[in-house]
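Novice: Residue numbers (this note's numbering), protein chains in the order written: chain W, 1 to 241; chain C, 242 to 660.
Calculated from the structure, these hints are not laboratory results.
Treat the hints with care, as some may be off.
[Unchecked claim] Taking lysine-lysine pairs in the DSS-like style, the calculated list, with each CA pair at most 27 Å apart, reads:
hint	chain 1	residue 1	chain 2	residue 2
1	C	575	W	75
2	W	75	C	554
3	W	76	C	575
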Amino acid sequence: MIKLNNIHKSYEMGNNSLHVLKGIDLTIEQGDFVSIMGSSGSGKSTLLNILGMLDNYDKGTYHLAGNLIANMSEKKAAQYRNDMVGFVFQSFNLISFKNAMENVALPLYYKGVPRKKRNQIALEYLEKLGLKEWASHMPNEMSGGQKQRVAIARALISQPKIILADEPTGALDTATSYEVMDILKEINEAGITVIIVTHEHDIAAMTRQIIRLKDGQIHEIIRNGELKQFQKEYVKELETV
Amino acid sequence: MFDIDLWREIVSALKKNRLRSFMTAFGVFWGIFMLVVMSGAGKALENGVLDGVRAFATNSAFFWTERTSIPHEGFQRGRRWNYETSDIDYIRENVKEVEYLSPRLFGDNQAGNNTIRGERAGAFNVYGDYPDYFKIDRWTPVKGRLINEIDMIQERKVCNIGERVVEVMFGKDEDPIGQYLKISGVYFQVVGVIHAETRINIGGGKKEETIIMPFSTMRKAYNYGNRVYFFSVTSKPGTKVSDLEEKLKKILKDRHKIAPEDEQAIGSFNIEKEFVKFNALFIGIQVLTWIVGIGTLLAGVIGVSNIMLVIIKERTQEIGIQRAIGATPGTIIKHIVAESVFLTVMAGYIGLSLGVGILEVLNQILLRGGDELFFRNPEINLTMGLSALAVLVVAGIIAGLIPAKRAVSIKPIDAIRDE
């Protein structure tokens, strides 16, 4: 599904060049549930941006569903994003002057789906996430968990292959965080690849594969047996909370 | 390519952000409103002044006599003199550039009440004129007729009177036509009530208080001999009246033994010169209106771009989100520009309508003010209004395009992170 080969990325900061990603090799299969961890500055957000085609890379190759993603025009990238990827953000990033239903329907607007139809689809998705009664509410009338669920509905509405979540639980309390993770798990079970960036071990422990970044390189990939160990460690931590 | 969804998006975005929409619109509204009102007011002044002179032959000049200032051919300085009827005949025969020539006599105008009818009496400006006079300074008969050639030839004791004369000398229900007025001791029959089409005034006094009788009758009835106090001429098409004025002055000086260099002895006045002055004045007013108007408009446009920039900054995050969920840069730019154009056009249209409305109200008030106002028919022409609107649309596009381009140049992820 996703195949990264020796990805490099650096940012120009005035006269200095900041080398953020220093050769990332990574393969993520269809249906994986992956978390990317790392301290701040380790390049995890940059990696997510590149995966989501929100940013370019300098060197290497990135194949998404067999297509080479390189030097795309903004327009092409936008279309790819719309077709392939759903985004979930830490601060929800709903459009403040649109109600829940309109927010969810927005990706379909960019696809050119007629208003009635896209609003109807949006309602279906809100129903799936248990927010049907909140369809006409504005974002500022909803709790953090509700907002994030609206954001997830919005990410799902274009039926993407991948959900990219940047600290999806970063602004939520523990209980709500788990609700959101449960939703993401369900989504994953429906066959959608879910990739989340997080720095919370308990959240990462709920995924099926953890990629640890350190200084722009993959430090370790935890899966299967090791993951069990990892999960045990942090589930304990959870129970104490 | 009318995209109802696009318009729904725009209208809802504007509605949900009332204050900023209003502020943006107000800048444009004010700019165009001021432009319309100012140019309308300028036009009104122009109309007011030009209406007063439009009916006046612009190729006309007027001559009267003053005391001489230079001794010449044995005459001392300070001599009083008059034109003579022979001057008129001479000019008619020898100066081919003259179109109309109308000599004038002044009646007994300084002696208090010079006009009597029964119990009624009044002081009016009495003139003896040729019928050609009406071709130079237009009057229209409100009742009856103008003095004509036959009156002249037969030296009829008839007169035309102004509207004020009717008020003073006749009762409300009386018809002045056919009635007699005793003017400086001689009875004249009223054959017409006349209304002045211009407010250019020769000889002083109000035009409504004028009595005009045939030149020939006045000369004979009051014993003026061959004197002529005053005359008006118009030049034939193709001749500049200023040139004609100089030519006639030279002839007259020569005929009356006045020093050629005597600038004082002949008083004269030509409308052409005044018109040039008027025109310069109005061009000045128009230029000023445009400069100030365009300045105001520009300020409005700058205001719009400014607010647009602020808005984009405020919306950076929103734009980032939209792009992350699949909006192409083209869509975003289309939205912002359409929003900006929609706002400017709406605001401009309202400004235009309201400006025109105010001018119309002003016009109604002025119409009640009557003829004396030097300010009438405030109006702006359609071309000007539309071109101002066009400028606004273009400005709206630019005002939207610049910030939109900027907004799109920010990477979506930076935009989303921008808190």
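Novice: Against this structure, judge whether each hint is valid.
Specialist: Tested hints:
1. Proposed proximity of residue 575 of chain C and residue 75 of chain W is supported: the alpha carbons are some 13 Å apart, at most 27 Å.
2. Between the alpha carbons of residue 75 of chain W and residue 554 of chain C the distance comes to roughly 22 Å, so the proposed pair stays at or under 27 Å and holds.
3. Using a Cα cut-off of 27 Å, the hinted pair residue 76 of chain W and residue 575 of chain C holds, with the two alpha carbons roughly 17 Å apart.
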